[in-house]
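Protein chains: 2
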Amino acid sequence: MTEKPSPALQVALAYYHAWTAKDFEQAMTYISADIVCDAPAGRITGIDAYRAFMGPFVQILTDADLIAAFGDDDTALVMYVIETIPVKHAPGAECVTVKDGKITDSRFVFDRAPFEAARNQAT
Amino acid sequence: MTEKPSPALQVALAYYHAWTAKDFEQAMTYISADIVCDAPAGRITGIDAYRAFMGPFVQILTDADLIAAFGDDDTALVMYVIETIPVKHAPGAECVTVKDGKITDSRFVFDRAPFEAARNQAT
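Top line first, the protein sequences correspond to chains A and B. The first sequence begins at 1 in this note's numbering and counts up one residue at a time. The second sequence begins at 1 in this note's numbering and counts up one residue at a time.
Just chain A, same shape as in the assembly (with noise of 0.2 Å):
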């Protein structure tokens, strides 16, 4: 990790600090009303599509751990590993945008394919 973050790896932290506490609503004001976040399963637009995108995420993390964090003035990139109730050992990577200390554009990568082997057994 950079010693001095930079300003865009300050949002991304906070960012992540709050939603990986399970502090939703703190992590909600570091995102941008007009967000643009690419996930797996496509693209989510607006602050309420990715509401009900992250939420029910957040409702199911037990722990997480930040394996890497590095950023310059606009751009950072995380990469963590998190515990949730269907899987425990989840990694994912997170490059965001910032602009005036909101995330602007988000891709998020992480693996569906456990999420979806334990939705399938669950049923």
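Fair warning: there could be bad hints in the mix.
Intra- or inter-copy, both count: the list cannot distinguish identical chains.
To be verified - Heads up, simulated DSBU-like pairs for lysine-lysine below, C-alpha to C-alpha not over 35 Å straight-line:
hint : residue 1 : residue 2
1    : Lys4      : Lys102
2    : Lys4      : Lys88
3    : Lys22     : Lys102
4    : Lys88     : Lys99
5    : Lys88     : Lys102
6    : Lys99     : Lys4
No lab work stands behind these hints, which were simulated from the structure alone.
Please arrange chain B on chain A, whose structure you already have, making use of the hints.
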């Protein structure tokens, strides 16, 4: 991206540019004999197992676009979107540890779901 790539990022980028140019043997020169790679399907240990994992991946690759790349002295984090024969849009992220110019540890995140869907459709 950092303006002056850090030592670890230089190696991570050289590795990335080699494998995405489908120069697999060049790419493998950046991999430590004792590599430990945590991939979506599990842990891969040693260069022979890594070769068996990455080789088929490189064969199905048709295009690659680097999204972001950062690093410090011994860690680098990259995100990219690749296009493959079965899956046209496949984002991925890698966090690597570099020692003496070689990647010794790697954590590799991508979504297996579309690859599994393509496989199921093909059979």
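Hint-by-hint comparison with the structure:
1. Taking the shortest alpha-carbon separations for Lys4 and Lys102, both the intra-copy value of 19 Å and the inter-copy value of 27 Å come in at or below 35 Å.
2. Taking CA atoms no more than 35 Å apart as the test, Lys4 paired with Lys88 passes inside one copy only; the shortest distance there is 32 Å, against 38 Å between copies.
3. Taking the shortest Cα distances, Lys22 and Lys102 sit within 35 Å of each other inside one copy (19 Å), while across copies they are farther apart (38 Å).
4. Taking the shortest Cα distances, Lys88 and Lys99 sit within 35 Å of each other both inside one copy (34 Å) and across copies (30 Å).
5. Taking the closest pair of Cα atoms, Lys88 and Lys102 come within 35 Å of each other both inside a single copy (30 Å) and across two copies (30 Å).
6. In this homomeric assembly, Lys99 and Lys4 come within 35 Å of each other (Cα to Cα) both inside a single copy, at 19 Å, and across copies, at 23 Å.
In terms of the numbered hints stated before, the structure departs from none.
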